[in-house]
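Protein chains: 2
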Amino acid sequence: MKLSGRSLIGFGSSTATNEVFYAMNPKSGERLEPAFFAALPDEVDRAVRLAHQAFATYDRVSARDRGAFLRTIAANIESIAEDLAERAERETALPKARLQAETARTCGQLQLFAQVVEEGSWVQARIDRAHPNRKPAPKPDIRSMLRPLGPVVVFGASNFPLAFSVAGGDTASALAAGNPVIFKGHPAHPGTSELVGLAVQHAVRQCNLPEGVFSLLFDSGNRVGAALIKHPLVKAAGFTGSRTAGRILMDFAAARPEPIPFFAEMSSTNPVFILPGALRERADSIAAGLYASFTLGAGQFCTKPGLVFLPALAEASGFVNRLQLSINESAPFHLLTPGIRSSYGAAISARKAKASVRLVAEKPPKGTAEESSVGGALFETDARSFLADEKLAAQIFGPVTLLIRHSNREEVLEAARNLEGHLTATIHGTEQDLQEFNDLIAILERKVGRLVFNGFPTGVEVSHAMVHGGPYPATSDGRSTSVGSQAIFRFCRPVCYQAFPQAALPDALKDANPLHIWRMIDGEMTREPVRSAVTSIG
Amino acid sequence: MKLSGRSLIGFGSSTATNEVFYAMNPKSGERLEPAFFAALPDEVDRAVRLAHQAFATYDRVSARDRGAFLRTIAANIESIAEDLAERAERETALPKARLQAETARTCGQLQLFAQVVEEGSWVQARIDRAHPNRKPAPKPDIRSMLRPLGPVVVFGASNFPLAFSVAGGDTASALAAGNPVIFKGHPAHPGTSELVGLAVQHAVRQCNLPEGVFSLLFDSGNRVGAALIKHPLVKAAGFTGSRTAGRILMDFAAARPEPIPFFAEMSSTNPVFILPGALRERADSIAAGLYASFTLGAGQFCTKPGLVFLPALAEASGFVNRLQLSINESAPFHLLTPGIRSSYGAAISARKAKASVRLVAEKPPKGTAEESSVGGALFETDARSFLADEKLAAQIFGPVTLLIRHSNREEVLEAARNLEGHLTATIHGTEQDLQEFNDLIAILERKVGRLVFNGFPTGVEVSHAMVHGGPYPATSDGRSTSVGSQAIFRFCRPVCYQAFPQAALPDALKDANPLHIWRMIDGEMTREPVRSAVTSIG
Numbered sequence: 392m393k394l395s396g397r398s399l400i401g402f403g404s405s406t407a408t409n410e411v412f413y414a415m416n417p418k419s420g421e422r423l424e425p426a427f428f429a430a431l432p433d434e435v436d437r438a439v440r441l442a443h444q445a446f447a448t449y450d451r452v453s454a455r456d457r458g459a460f461l462r463t464i465a466a467n468i469e470s471i472a473e474d475l476a477e478r479a480e481r482e483t484a485l486p487k488a489r490l491q492a493e494t495a496r497t498c499g500q501l502q503l504f505a506q507v508v509e510e511g512s513w514v515q516a517r518i519d520r521a522h523p524n525r526k527p528a529p530k531p532d533i534r535s536m537l538r539p540l541g542p543v544v545v546f547g548a549s550n551f552p553l554a555f556s557v558a559g560g561d562t563a564s565a566l567a568a569g570n571p572v573i574f575k576g577h578p579a580h581p582g583t584s585e586l587v588g589l590a591v592q593h594a595v596r597q598c599n600l601p602e603g604v605f606s607l608l609f610d611s612g613n614r615v616g617a618a619l620i621k622h623p624l625v626k627a628a629g630f631t632g633s634r635t636a637g638r639i640l641m642d643f644a645a646a647r648p649e650p651i652p653f654f655a656e657m658s659s660t661n662p663v664f665i666l667p668g669a670l671r672e673r674a675d676s677i678a679a680g681l682y683a684s685f686t687l688g689a690g691q692f693c694t695k696p697g698l699v700f701l702p703a704l705a706e707a708s709g710f711v712n713r714l715q716l717s718i719n720e721s722a723p724f725h726l727l728t729p730g731i732r733s734s735y736g737a738a739i740s741a742r743k744a745k746a747s748v749r750l751v752a753e754k755p756p757k758g759t760a761e762e763s764s765v766g767g768a769l770f771e772t773d774a775r776s777f778l779a780d781e782k783l784a785a786q787i788f789g790p791v792t793l794l795i796r797h798s799n800r801e802e803v804l805e806a807a808r809n810l811e812g813h814l815t816a817t818i819h820g821t822e823q824d825l826q827e828f829n830d831l832i833a834i835l836e837r838k839v840g841r842l843v844f845n846g847f848p849t850g851v852e853v854s855h856a857m858v859h860g861g862p863y864p865a866t867s868d869g870r871s872t873s874v875g876s877q878a879i880f881r882f883c884r885p886v887c888y889q890a891f892p893q894a895a896l897p898d899a900l901k902d903a904n905p906l907h908i909w910r911m912i913d914g915e916m917t918r919e920p921v922r923s924a925v926t927s928i929g
Numbered sequence: 392m393k394l395s396g397r398s399l400i401g402f403g404s405s406t407a408t409n410e411v412f413y414a415m416n417p418k419s420g421e422r423l424e425p426a427f428f429a430a431l432p433d434e435v436d437r438a439v440r441l442a443h444q445a446f447a448t449y450d451r452v453s454a455r456d457r458g459a460f461l462r463t464i465a466a467n468i469e470s471i472a473e474d475l476a477e478r479a480e481r482e483t484a485l486p487k488a489r490l491q492a493e494t495a496r497t498c499g500q501l502q503l504f505a506q507v508v509e510e511g512s513w514v515q516a517r518i519d520r521a522h523p524n525r526k527p528a529p530k531p532d533i534r535s536m537l538r539p540l541g542p543v544v545v546f547g548a549s550n551f552p553l554a555f556s557v558a559g560g561d562t563a564s565a566l567a568a569g570n571p572v573i574f575k576g577h578p579a580h581p582g583t584s585e586l587v588g589l590a591v592q593h594a595v596r597q598c599n600l601p602e603g604v605f606s607l608l609f610d611s612g613n614r615v616g617a618a619l620i621k622h623p624l625v626k627a628a629g630f631t632g633s634r635t636a637g638r639i640l641m642d643f644a645a646a647r648p649e650p651i652p653f654f655a656e657m658s659s660t661n662p663v664f665i666l667p668g669a670l671r672e673r674a675d676s677i678a679a680g681l682y683a684s685f686t687l688g689a690g691q692f693c694t695k696p697g698l699v700f701l702p703a704l705a706e707a708s709g710f711v712n713r714l715q716l717s718i719n720e721s722a723p724f725h726l727l728t729p730g731i732r733s734s735y736g737a738a739i740s741a742r743k744a745k746a747s748v749r750l751v752a753e754k755p756p757k758g759t760a761e762e763s764s765v766g767g768a769l770f771e772t773d774a775r776s777f778l779a780d781e782k783l784a785a786q787i788f789g790p791v792t793l794l795i796r797h798s799n800r801e802e803v804l805e806a807a808r809n810l811e812g813h814l815t816a817t818i819h820g821t822e823q824d825l826q827e828f829n830d831l832i833a834i835l836e837r838k839v840g841r842l843v844f845n846g847f848p849t850g851v852e853v854s855h856a857m858v859h860g861g862p863y864p865a866t867s868d869g870r871s872t873s874v875g876s877q878a879i880f881r882f883c884r885p886v887c888y889q890a891f892p893q894a895a896l897p898d899a900l901k902d903a904n905p906l907h908i909w910r911m912i913d914g915e916m917t918r919e920p921v922r923s924a925v926t927s928i929g
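Here the protein sequences line up with chains A and B, keeping their order.
Using the working numbering, the first residue of the first sequence is number 392, and each one after it goes up by one.
Using the working numbering, the first residue of the second sequence is number 392, and each one after it goes up by one.
Think of the hints as simulated: they come from the structure by calculation, not from any bench.
Quick caveat: nothing in here was measured; it's all calculated off a predicted structure.
Check each hint, because a few of them may be wrong.
One copy or two, it doesn't matter: identical chains are merged, so the pair holds either way.
[Unchecked claim] Listed below are the simulated BS3-like cross-link pairs for lysine-lysine, each with C-alpha atoms no more than 25 Å apart in a straight line: (1) K487 / K393; (2) K782 / K743; (3) K530 / K487; (4) K530 / K901; (5) K782 / K621; (6) K487 / K526; (7) K418 / K393; (8) K754 / K418; (9) K487 / K418; (10) K782 / K745; (11) K743 / K754.
Between the sequences and the hints, there should be enough to build the whole structure, so can you do that?
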């Protein structure tokens, strides 16, 4: 498949300019053709205006047609899965099998949202029947349902070139809810982005939807992203990336004349608590699972376990030895971008320089010939030092984790109480551990979006109950998830219709319930039609 | 009942200081005893710290006990209804009957939330069963439900001394969801606030809840409010008031090191569209209803219809004459505070000075003896002038509205497209009107939280389907409502439990469904218990 290097603006494409950038193979350092052109300011504006125009039509598209659109996108992506994996491998150095699985996950997400939209109950239809005879005043008929917000901007993440990129979770949920999407591609994988973008653009045509439903804009810097967040016709945005960039964009969104909802997933160190009973019972298997989890994707997962609380027991040394061995035996890791690599190097050096931290294991990169690779690392400290130095809690992207040894229950509870917001927290324990550490669960419930028991936080299931979110700074708004079907609630708001005639109501709110969806009628969940207005006061 | 003038901080009260203020009778200008003392900075801090401590217990309180608490507050308020109406009348000049109705509404809100909490399904429990045999990787058991956020700050509104004040909607929904509340009383009705505050404080004791569950802080200025919004232990806030104050607090909330959800209801002019058929059929009754609506509560409702679009038909003159007559016959209106009165005077003068606006009717206040009263007013302009001058769309608190005459369909659609966010929009039409103006409904759906047909926007029903919200600047976040049972979703967030043993799960997520609530199991709504894990892939 031939890449053009141009942004997709509705059905058109951007112009060639002097502002170009290239993808790079993180393994070889090789520059990848073609050149990609940064979208010009008027092209950014055009994409948003097209989205604004398209919204007037797209928010009227039936659930069936919107579902078909999402399924068409998935089919188009599946049809180029080989090309995608090949290009993405060169742009990210992620293993091909992982990229194939991520493509399947991306299509699965689109299909899940198609299913949610086709089923239809997600709109949370509520109907309160009229009481014309109520005293002192009649009660009017009141009905409400969720409706889309308008043009949504989504920023691609570096670490998931498919599942959190052009047709990833935020795009899928925004489109599912009825919002046009303007996508800002991540500059680390522009070729992968263009391929997926063309698949979406083609689906828009195939489904006879207005062209502004989707645009994909390129830029290697911050200009396009800032312009998008500040554009008055943009109504919401989703972002996955660094805490620094996320907070800058959050502040832009909040400082607009009309502030907009901005969902940023920013940083998380995903604490793991290994409780005494579990450590006694299965130190080895926990160590093996932990190693696999913190080095998965070269440690570049937002759910990477970066803090591991370890009790002072005899079994701890075997546990640490096992991790040490795994690191010493590990193959070199390739990070996604030179920027991530240099941040990793700097973070490892800073940690080594700390008197309160001990380097337990490190596999140094293999000399100049492989200068693009990095080695895994394991540090340890004690709970008191951890509490005294907030930098130790910071996220480091890459194959490293920090063990925190504690000598008693109160120390670990204190450390938990002092955690900031994270995406996940993990507890390894026996049933007896759980009883003894019941208050730990209560503390962690207030700190994270997902609690994992006897497992590992990497591998985020795409399902109805998943919550991939968490209190700030894990995300900008802990009341939301970016993974799973509940993500559809990000990009919509309730609208209420008072005393509306049947013909003017959306289908979801009509008496007959033609969509056969679950609705709340007078406070009761039902799929039954609405009977007539209440005539006596019950 | 004797008032102390002191803030309620948990079970204690604040100290007397020199920073005092008094309530004022808007009718007589008379200063009302006692003096109220502004809470000191360390008292603000103490209230928040108590709330933070209480949260650890209060979020564990069973649904039954939380429901009982809300019902106890309602009962305590009912038991002092006479004292309340008497004090509130003196502080607000609102009619006693209205204040009695508002007290009933306030208790009704508390009871509605009690009912929602006791029923229990509001937590949106979701369960995705494990698939241990799934390939390539087993699927873990994933469950999620809503949980409270933590200490919530609520600001009282001037115009609803009961229903949007100390035990009003935001307090009720925050407490219902499991959050402690720190209430910042509005300085225009401190006595009413103290009475209600004592009723809530007493309920906390009666129900054996920790003292920090509720505090009430007084201040006549901005110091206490700003300190509350900026306090690191505060996790969310609700506000009803002016656009200026709302935006300042919004910006504080967004600029915090840890930004928090901030729900401000700020300003709305609530456009009314009178369509040709309706004007022909019933100009007189619409005029009568409109007059009653825009002068209700002396025009100090956030849902007051402040913009009325009127087609150029012969019947329009009768309609205008009817309104003119009503204004000429009206009794003087008493506004809530000297500040509101002077803003009203300034806005009326500014409007009179505009060449593009005509004063249709005005009942001037009755000389110096009644200097605290104001007269109603009616202005008119044309659609083109309205589009050219955004100040004409601004909210004016008080008994005034603006007629906008338009000469064709396209003019009114253009005006609708240019509206900013409002709480409501109202359409008066026949069935044929609705067909002809179908696109008007589509435009307004994107502009407001509630669409009213052949009715008036004032009188906000407290029910399950109500949406009292709308896009900025009507509110800070159009994805939320401050009235009705959906308001409980403001102050909570989803938390997910992966592979948790039954004993460690909240009751709402246990297999047996001991709370007998509606849950989503593998995507299907049901009240059935969970059967065992999926063993084959379906």
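Do the hints match the structure? See the list:
{"no.": "1", "hint": "K487 / K393", "in the structure": "within (20 Å within a copy, 76 Å between copies)"}
{"no.": "2", "hint": "K782 / K743", "in the structure": "within (13 Å within a copy, 61 Å between copies)"}
{"no.": "3", "hint": "K530 / K487", "in the structure": "between (61 Å within a copy, 22 Å between copies)"}
{"no.": "4", "hint": "K530 / K901", "in the structure": "within (18 Å within a copy, 38 Å between copies)"}
{"no.": "5", "hint": "K782 / K621", "in the structure": "between (32 Å within a copy, 23 Å between copies)"}
{"no.": "6", "hint": "K487 / K526", "in the structure": "between (69 Å within a copy, 18 Å between copies)"}
{"no.": "7", "hint": "K418 / K393", "in the structure": "within (23 Å within a copy, 78 Å between copies)"}
{"no.": "8", "hint": "K754 / K418", "in the structure": "within (17 Å within a copy, 81 Å between copies)"}
{"no.": "9", "hint": "K487 / K418", "in the structure": "within (14 Å within a copy, 78 Å between copies)"}
{"no.": "10", "hint": "K782 / K745", "in the structure": "within (11 Å within a copy, 60 Å between copies)"}
{"no.": "11", "hint": "K743 / K754", "in the structure": "within (14 Å within a copy, 79 Å between copies)"}
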